[in-house]
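Protein sequences, first through last, are from chains E and X.
Numbering-wise, our numbering puts 267 at position 267 of the first sequence, and it's gapless, one number per residue.
To convert, count from 1 in the second sequence and add 273; that's our numbering.
Simulated from the structure, these hints should not be mistaken for laboratory data.
Treat the hints with caution; some may be incorrect.
Pairs of lysine-lysine residues, derived as DSSO-like cross-links and limited to a Cα-Cα distance of at most 27 Å, are as follows [said to hold, decoys possible]:
hint	chain 1	residue 1	chain 2	residue 2
1	X	440	E	2
2	X	335	X	361
3	X	324	E	35
4	E	35	X	361
5	X	335	E	223
6	X	361	E	2
7	X	329	E	223
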Amino acid sequence: MKPRGDPDLEIPLLLEAIYQKYHYDFRSYSAASLKRRLVSALNHFGLSTLSQLQDRLLQDAKVFAELLRFLTVQVSDLFRDPSYFRSIREKVVPYLSTYPSLKVWVAGCATGEEAYSLAILLAEEGLLDRTLIYATDIHPESLRMAQSGVFDLDRFARFTQSYLEAGGKGSLSDYYTAAYSSAVFDRRLRKAILFSDHSLATDAAFAEVELISCRNVLIYFEKNLQERAIGVLRDALGRKGFLGLGQKESLRFSRHAEVFADFVPDDRIYQKL
Amino acid sequence: MQRQIDIIVIGGSAGALEALSQILAVLPRDFQVPVVLALHLPAGRPNLLPKVLADKCWLSVKEPDDKELIAAGHLYVAPPNYHLLTEKNGLLSLSVDDPVMFSRPSIDVLFESVADAYGGAAAAVLLSGANEDGARGLAAIADAGGVTLVQSPESAAVRTMPDAAVKLSRVDHLLPADELGLRLVSLAAARTP
Numbered sequence: 001m002k003p004r005g006d007p008d009l010e011i012p013l014l015l016e017a018i019y020q021k022y023h024y025d026f027r028s029y030s031a032a033s034l035k036r037r038l039v040s041a042l043n044h045f046g047l048s049t050l051s052q053l054q055d056r057l058l059q060d061a062k063v064f065a066e067l068l069r070f071l072t073v074q075v076s077d078l079f080r081d082p083s084y085f086r087s088i089r090e091k092v093v094p095y096l097s098t099y100p101s102l103k104v105w106v107a108g109c110a111t112g113e114e115a116y117s118l119a120i121l122l123a124e125e126g127l128l129d130r131t132l133i134y135a136t137d138i139h140p141e142s143l144r145m146a147q148s149g150v151f152d153l154d155r156f157a158r159f160t161q162s163y164l165e166a167g168g169k170g171s172l173s174d175y176y177t178a179a180y181s182s183a184v185f186d187r188r189l190r191k192a193i194l195f196s197d198h199s200l201a202t203d204a205a206f207a208e209v210e211l212i213s214c215r216n217v218l219i220y221f222e223k224n225l226q227e228r229a230i231g232v233l234r235d236a237l238g239r240k241g242f243l244g245l246g247q248k249e250s251l252r253f254s255r256h257a258e259v260f261a262d263f264v265p266d267d268r269i270y271q272k273l
Numbered sequence: 274m275q276r277q278i279d280i281i282v283i284g285g286s287a288g289a290l291e292a293l294s295q296i297l298a299v300l301p302r303d304f305q306v307p308v309v310l311a312l313h314l315p316a317g318r319p320n321l322l323p324k325v326l327a328d329k330c331w332l333s334v335k336e337p338d339d340k341e342l343i344a345a346g347h348l349y350v351a352p353p354n355y356h357l358l359t360e361k362n363g364l365l366s367l368s369v370d371d372p373v374m375f376s377r378p379s380i381d382v383l384f385e386s387v388a389d390a391y392g393g394a395a396a397a398v399l400l401s402g403a404n405e406d407g408a409r410g411l412a413a414i415a416d417a418g419g420v421t422l423v424q425s426p427e428s429a430a431v432r433t434m435p436d437a438a439v440k441l442s443r444v445d446h447l448l449p450a451d452e453l454g455l456r457l458v459s460l461a462a463a464r465t466p
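So here's chain X without its partners, still in its complex pose (with noise of 0.2 Å):
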């Protein structure tokens, strides 16, 4: 059955860039669906992220301020040193709260407030990485009846974040990075204008 998806998030560690950059590359001019980023980067430099991700999508991308509406035709991408959260009034929201799993942001804190705000209307994305983060919050995502994919750990550069979320979580779709930007389309599509 399909069914309306409002918001996309995703989430990824090491080695994450190249498989979000082909999930990036697919999804199309017209894309409505909101999509928000956590990826862990090193702290304390200017972040190019959001530059160098706009030159391989069509999406408009932003770190946002806090409080920002979560419009259609935008990627948000978490600032580094703040977790990023949505609220279930439609706004993005920081925080400095501690690290999660040595994270900030953390791809959990994301996952969770989504799968609180969003219910069965969001679809989670986890990539690449080297650590456990984000499983935790795929699960949650799958418990509120979201639709889950994942890289899989052998098409991922480093497996060990796909492989806790397969081990932890109920997951929908495990594939190659191309094929996952290839589901996202689809299920975008399934929307009710």
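Next comes chain E alone, as it looks inside the complex (with noise of 0.2 Å):
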């Protein structure tokens, strides 16, 4: 349903009182995506303009907290684009087997898809044991289903296949129990990593790691908040840390190229100098 009123004015309105209110930063996403799932909201809520939208959230936190749900999840997959972790296996393994530990930062993990199949990737390589995988999202509800490893079992078909496409070594069943009609990842991944509450548009880099993953996080992003965003993760990455994008994402028109080199273009995996 098209929304009544005026979006394009009430939009930049009602994330300004978001922020000030709820201090989450949506102002410089992507308007073109943010209208579609602002739109779908009002539909949730039985509401016909945002302005109402505002005025219910600036009353009632509850009402905010499920319209974060409209404003940040994307579902992903395990091994979402195989071969981008067939060459983190095959090409950036070497470089990370080489240090005594590890920090690895799934920045938007959102329901932690990627964060466990990079865990999956490290167990098989003889590295998880000392590594530590932060895995970060503005979603609290999200962070909280990430953390309880518990995935739709009808998913596992796909992702079965993803992670032999993307090199698997064993079988994708070694690493969850199932029950019913859900899966739980196995103890041993969930405790190597640490999810945690961190914002790509107004937080800074915590901690210095050798390798971050942030796919399909950016293209939500403005190019203002592109370039904040990428500016965190270098700041974040170590000396030859490694850094990969999504797909359709790139750094070729950033002020933050230059510190970097291209690793493996085609699936978008860089290097810091």
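Please assemble the complex out of the two chains, which come individually in their own frames, going by the hints.
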């Protein structure tokens, strides 16, 4: 349904209200997909204008918590884009394995698929026991789901196929226990991942890491916010650290490009100089 | 009355590739209006579409990166497993939001964003297809004052998509594919350089 009112006027007001009241900053998110998400939220709430939504969420934090789901959640897959994980395994791991201990950051982890994929990969390469994976997101509910390590079992047919295409060395079923209609990842994987709240829009780097995977997150940002976020990732990467982006994301036009070298161009993996 | 067209968007699904080839074959070498395409494809295999299309037209064909500036003389193809959208500042955006009508890329998502960003300066073409994605988007283009073109159902390999569009939206030109191409050429010619 098309919203009534004047969305082009109301969206900036709504985002400003959210920022002032709840300190979540969506003001520099890509407008086109943000508008789609807000319109579907309006339908969900049964409201006809964004001004009404603004009024509701200023009075009721629960409304905002519910809206946050519409504004943030992206459902990913285990081993989405298998060739990316194959490149991490074959080209990045040989570097990583020379370090006595490792830190990895999955920035914008949503419900955790990417973090578990990397944990499995690092386990198979014998690195997980000396690795700490930070997985961060701005959505508390996603982080809770990610931390539980529980996923719908009916997604595992596709997950298994991608795992094999990504060069998986065993069987994906080695890493989870199925019960009824869900599967839970093993404790060994879960305890290697630290899920926590972090915003690429408002927070700074919090640790020095050797590998960052931040895929299909920057596409939701306008260019100025992309630059800010890439700056945070740059600050967090140690010298010779690796940065993996989504298949259609690039550092080509970024002002931070000069401190990175292409490492696996086809899979958008960069190395910090 | 002739108007200025700043962007052409094309959507299609099953059976659309042949129609698309006929349209592209008609576009002249100096065609100035950028074209953005969302075609439903099976996900997960290497996308041969840009290469296939490059052989059929004068336009430079590419899968855009996120936030790429839309430029004349280009045909931008929505990458598999992403939605493609246009922004008001002339950039292309990608998203991995949920599929719409089981489709990612979704034609509705592309067309609605174009209606928003370009209003009456857009022309949208909907081709053969076996589902109803694109009909809502076409209606959005029509509501925003853009030009709507649909492959005539009887000339389409699969008529579900054109039929849905005719039912839901004002359609300015209902034609076989080769004539749609000619219509685009005359719409583009009305541009003031």
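If you test the structure against every hint from before, which numbers come out violated? Checked against the structure, the hints that fail are numbers 3, 7, while the rest are satisfied.
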